[in-house]
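Engineer: These are the residues of each chain, in order.
There are 2 protein chains.
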Amino acid sequence: MTREVMVVENVLRVNDELARLLREKLTGRRIFTVNLIGAPGCGKTALLEKTLEMLAGEMKLAVMVGDLTTARDAQRMSQWCPQVVQINTGKSCHLEANHVLQALEKIDLGNVDLLFIENVGNLICPVGFDLGQDVKVGMFSVAEGDDKPAKHPYIVAEASALILNKVDLLPYVPFRKEVFDQDIRRLNNHAPVLELSVTSGAGLDAWLDWLRDGLRKKRA
Amino acid sequence: MTREVMVVENVLRVNDELARLLREKLTGRRIFTVNLIGAPGCGKTALLEKTLEMLAGEMKLAVMVGDLTTARDAQRMSQWCPQVVQINTGKSCHLEANHVLQALEKIDLGNVDLLFIENVGNLICPVGFDLGQDVKVGMFSVAEGDDKPAKHPYIVAEASALILNKVDLLPYVPFRKEVFDQDIRRLNNHAPVLELSVTSGAGLDAWLDWLRDGLRKKRA
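Protein chains in written order, with this note's numbering: chain A, 1 to 220; chain B, 1 to 220.
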């Protein structure tokens, strides 16, 4: 085994250990935690803005959001939610458990039912890093094309739900829904595929119900 | 310095050494080499398909294309170009000089004027890895939103040209062109910003002229 491989394995082992601590902490407080993973521009922040707005009166929400730089996403979401933490990763292409542990210090956990972790925009690197979440959600948009699940099998295989956003653009872009669906089912036959448009509002109810259900099971 | 940082630096040092060899080899044959970097679904493969089609009678072309898995992109492009090599990176989120060196063995370099390297769909990790290219081209699409340059400063700063694809979708998506442009100019005040739509064909001529100009300079 090369030294490089050994170090990568070591990084993952340390991450897994911190993720275990995180999971204990979050589960101890019965906080339902969602790790949202998708490419840049698939609509992660827009979806969370809308989700925070629609669920604010119903449950207590918190968000942490990873980006290389800027606080733009946290600024956008903070108008809908008092507990939003921006994590700037510098050159790192994904969040690690260590980032989440540090960001948790800025959140009043006694006031959280549902925690969103919006990962750095990237369909590849975030998948391998456990953040202590209950579920990973993989997000695509129709503007990206129908071949993205086949080309990114790890996020599809590990996701508890998959989102297809921007269905309002279907009339304007080439997208074969049957190819998208078939590729997903080959890799993951249990996760629901939630088709929606943050812009038009279509399909958002099913997404909110899926979150309510996750929180209910966590509390059961 | 931690052992992890040391190993990352070592990987980059080895990569830089291989990239130097690559650059010597490609420059010795005066092949103009373009490293195309953009998020999943920004339209890299579609742009190259169209580019191959439009330049095929004029110059000798070759492509290598990186994806975690599948040969779909190479299949799409091979109808327009006899020299297309698919590189499957497994779980690796970017191409390295080592991948390119291996793929070069499958290309008849005596029959190439212009070599495209379509990197793995990712706005972050590919930026740090020199592939012996003449130029890096950073690619965005209007569907991704106007905030992507500010959130991905490294590709913007290092690019010799920046592409904004899918301008045909401007009537259907929220996108502030002035925010996009200002953020780019803050990071890079020399690279042209080429606005185009692979679907409608708008703006492709300027892109082809930019490539012709690059090849001409390489040959001068």
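Don't read these hints as lab results, they were simulated from the structure. There may be inaccurate statements among the hints.
Because identical chains share one entry, a pair is satisfied inside a single copy or across any pair of copies.
Straight-line distance between alpha carbons at most 25 Å, and here's what the computed SDA-like set of lysine to any residue pairs gives [said to hold, decoys possible]:
id, residue 1, residue 2
1, LYS177, LEU55
2, LYS177, LEU22
3, LYS91, SER160
4, LYS177, ALA74
5, LYS106, GLU158
6, LYS218, PRO174
7, LYS50, VAL11
8, LYS91, LEU187
9, LYS91, ARG13
Engineer: Report the numbers of all earlier hints that the structure fails to satisfy, in ascending order.
Structural biologist: 1, 2, 5, 6 and 7
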